[in-house]
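In order, the protein sequences belong to chains A, B and C.
The numbering of the first sequence is the numbering used here, which starts it at 48 and goes up by one.
The numbering of the second sequence is the numbering used here, which starts it at 700 and goes up by one.
The numbering of the third sequence is the numbering used here, which starts it at 950 and goes up by one.
Quick caveat, the hints were computed from the structure, so don't treat them as lab data.
For clarity, every value in this text was computed on a predicted model and none was experimentally measured.
A couple of the hints might just be wrong.
[Stated by the list, open to error] One side of the interface only, derived from the structure: several residues of chain A facing chain C at Cβ under 7 Å:
1) 63
2) 97
3) 102
4) 104
5) 190
Note that beta-carbon positions come from the ideal geometry of N, C-alpha and C, so glycine has one too.
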Amino acid sequence: MAHSLHLTVDGQEHKLAVDPRTTLLDALRDRLGVMSAKKGCDHGQCGACTVLVDGRRLNSCLALALTHDGSEVTTSDGLAPAGELSTLHRTFLAQDAFQCGYCTPGQVCSAAGMLQEAAEDAPSVVTEDLEGPIELSDAEIRERMSGNLCRCGAYVNIVAAVSQAAEESR
Amino acid sequence: MSDLLPTTSIGTHQVRLDGPDKVRGRAPYAYEHPLDDPLYLYPLQAEIARGRAAHIDTSAAEAADGVVHVLTHTNAPDLEDTEDGELAILRSAEIGFRGQYLGAVIATTPEQARYAAGLVDIGYEQEEHDVELREDHPASREPESGSGDVFAGDFDAAFAEAAVSIDERYSTPMEHNNPMEPHTTVARWDGSELTLWTSTQGAHPARSTLAPILGLDPDRIRIISPHVGGGFGSKGVPHADMMLAALAAIAAPGRPVKYAVSRQQMFSITGYRAPTLQHIRLGARADGTLTAFAYDAVSLSSQTKEFPEEATKPGRMMYAGDNRRLTQRVVPLDVPVPSWMRAPGEAPGMVGLEIAMDELAVAAGLDPIELRVRNEPETDPDTGLPFNRRRLVDCLREGAKRFGWEERNPQPRTRRENGWLIGMGVAASTYPAGRQPGSVARIRRMPAGYEVAIGAADLGTGTWTALSQVAADALDVPIGQVELRIGDTALPNATVAGGSTGLVSWSAAVFAATEAFRAEHGTDPAVGAEAQGEAEANPAAEKFALHSFGAHFAEVRIHPATGEIRLGRMFGMFSAGRIVNPSTARSQFIGGMTMGVGMALHEKGELDPRFGHVVNHDLAEYHVPVNADIARIEAEWLDEEDPHAGPLGARGIGEIGIVGAAAAIANAAFNATGVRIRDLPIFGDAFLPT
Amino acid sequence: MRPFDYERATDTAGAVATLTERPDAVFLAGGTNLVDHLKLGVAEPRLVVDINRLDLTEIDELDDEGLRIGAMVRNSDAAADPRIRRRYPMLSRALLSGASGQLRNAATMGGNLLQRTRCVYFQDTSTPCNKREPDSGCSAIGGYTRYHAILGASPECVATHPSDMAVALAALDATVVVLGAAGERRIPVAELHRLPGDHPEQDTVLDHGDLITALELPPPRPGRSTYRKIRDRASYAFALVSVAATVDVDTSGPTPVIREAAIALGGIAHKPWRARAAEAVLRGAEPNEETFLAAADAELEAAEPLEGNRFKVPMTRGAIATVLSELTGTDEPETTTEDTHE
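Let's have the full structure, built from the sequences with the hints guiding it.
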């Protein structure tokens, strides 16, 4: 039985009817044609599907679309107006922080979510002082970006791009 | 020797031209082209490794919501040519490996297709299977498509007389390419033409492979693949998934059929690196110079189609020594079909060989760099030809300097920091510098520059950008005046992006086309003027042994109580001729090295011999490195041009980064702990008492 | 994925009532495990009751300086909560050791406790598994067992519980608050999960329809504590072995003495493994390498490793000793050996 669903995706409102089995990722890709969120594993094991849901980074492949009825979803494509680039977009380009590009929108969304988390002083497992302010060292960035696999092996450049974006937005 | 092209754009940092679309997620990969009214495919796969699907009942699936068609061997469209065991799918009920396609369900939504596939009732007649690779397996034989054995001098006598020797066995496991974009094909058959939006490293080669099997004139197949989400060889040749989508489209004409292979399915369908067993014997004089060299390797292959993972390949040309023996065997078993994975042959071969060289250095009491220097051959031991320009020693020495090799204590288990044991290791790298003939480029004068069209591929390699740089310099215009078109069989023929031959082969076509264009239209052509040219074989390949070289340096740390092993840093120094785009080139070197870290520390397909399939078939259980595993990796290259590589002066760099990387890490682990690792991957278990 | 219907729960009692009536229904929280299983065919409900809008998202002070954490608090929010960071750093670290940043943003405290094993055969419906399908057989025995149990397993099942968080909760003596058809009850976390025995299909002592509504943490114990996870990757990987430990050392006398210790182990059993035998050795002993190794050995005496996971015994031993050394400031042990070939 189809259920109705409201989603705002990259600023655009959508109303659609979905099979309860439909994941948020499949709703984006197969129903709304929003292809910025990628399917790499479909099981929360690669991070390519990472989007921001109400500002937080999530794996859209492991969420039923209906759970997020009424939510605001932002993909990497929604991080800057058409024809422009966000800070992270620019630093990913400047540091050549990708090769094939398939994991990249997920990396960018993950980085955006992660920078926000760090700004709120959320610790990571490599944070020595759990109660202190967060200094975004390379080790911190690596750990916080580890939910996004990149098989082309752009990790060192991704760390540089995220670090540069963190500097610029300071 | 041909004249080198004067450069303006080549050699400069150029941000990826496809980059802005890729960071936003707007560049369309195979699944993502806007097409109306698609259908979705979910496959049926064998759950036994050998036998027959004696009975397939599709009635419940056919009755399920949304199902349009159920494809099996009983109703599959005819094939013209069934020689290729991997691609001639759905011909009979016979099963050659677990995971083999038995059919597919095509439905209106992906959820419906997947659910209905589970409703198909398949009854098996199971036969005993064998999936276990052993050195002494009775089915072991010479590969039909191999490079042949080498016997020179008298190995046995020389080995017996050697002052220093090692005699050890090494192994590399089943490894899976796992590009981030799963293999995807969207197929549409309109009754006369088949269109495939697919993820391939070679649109034209894929078409040439599929056309005779489907019995279609190549003109009736169009393959579109402007952006490819990684491949590392697994998208180099079409696998059964592309064929399944094509057959489904023919069976359900008129509507596009979308098939994205699931991550789990990839482990049995889209190729993998076959495991290898390597027996290496090295004999040397007291000064370390090799006198006896034996390399006997066995790799797993498939009964369904042969693929030899020739670990012996680099051993043929790497080091000097008169008495030689190299044999390569394959054992074809009831397993999925292996295929290309980044540096097939060289990557596993340089694991055994470069660990063995490290062992020989220990045995001879030599620095491992010095041992390699002493075994530099004057000419290629395999062909007898002179090398183009063999700069292995320069890479080793320059790399050692930049890495800080002099800080290494050759005595193992002597360096500790914060409770961890630290060690350093080195290994050499090599990869042949191939260039393929046959690519064609078409150049057309546009109002504001030139359109350059060629069916080339960009799977993350940087083709969109680097080939534009090449075309800009060939045409002597700024890069902004080049409009490149690639990834479509509607464009002129291009050879595969594989074997590190892509950019150099396509560039040769661009040079030929430029020459033809200038000859026909001069330097001030009219808008619309057009010419094309075809790449010829590299004439230098007849006279020289063409190879790239490199050196890897690694530092690892190992926790003495828990066995944990982590990469500290890694440095690669390469000799690869002219570098077209330093940004994208560095990314490729580093990317290869990062995959080498996976090969060293993480990756292993666990083939369960009882069931016959890889049981850790997803990205949670089959580990590839994550960001936190890659602390610091740097790559540099010798500033050079290859005079025998044609006007571009460059050699391909897609694979050399992985070759030798894992051995450097294994050698570093020995230096850290005194534990010699001969089997990959290196898990912490190796450092714990048993 | 079998078709199912979907309902959004609006109150806890209603949610419990719905599930109690429908044996074919399941609760959906963060989805990071259930949606995975729906796709794999491991879970085949007819009705999914989404509890994401239930008001179980607060972290409240208890009277005794303990905390009550709502079951729908996300793992990342719990890990970042200043009170948890200060009073229960071990729990913060355990939470942050699990999965990835984005998964922790979705995963809930209740759901994390109820996540199911990562045994590859359990997740693969083409192979027999007693946990997934009772009496079909255990494929792991004689198969791929790198991530499997060395303690407390049975001939029916050798799977491990994958949670990091639950290991810390077991060491902390936390309690789960459960709402069932018969009302609310409290279960110590250490008693929530079962050993497989003859019924590996039952992960926990909960009944169908039971809803975890909260976790309660007792007042923090004196002493130092941490969580250490040994895994094949540096991040985003399940534990081979993990250790949650709190140690309180009395330094008032001429030689230091361990006053109290609480240890739980992960990755090595069907449940978070409270290491009572090790704790008994530690209590009253001098904190030194000999004591730590003796404690580890006492716990591992009962270990029955499988062909593919023998390494876990020395790895667990080394991990326990290392953690205890770090917490008590003594020299770290060394248990590796040099290659006998050299």
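Evaluated hints:
1. At its closest, the beta carbon of residue 63 (chain A) sits 15 Å from a beta carbon of chain C; the interface hint therefore is violated under the 7 Å criterion.
2. Annotation: interface hint on residue 97 (chain A) holds; nearest CB of chain C at approximately 5 Å, less than 7 Å.
3. Look at residue 102 (chain A): its Cβ only gets to about 10 Å from chain C, farther than 7 Å, so that hint breaks.
4. Interface hint status for residue 104 (chain A): upheld, as the beta-carbon distance to the closest one in chain C is roughly 4 Å, under 7 Å.
5. Because the smallest distance between the Cβ of residue 190 (chain A) and any Cβ of chain C comes to about 6 Å, under 7 Å, the interface hint for this residue holds.
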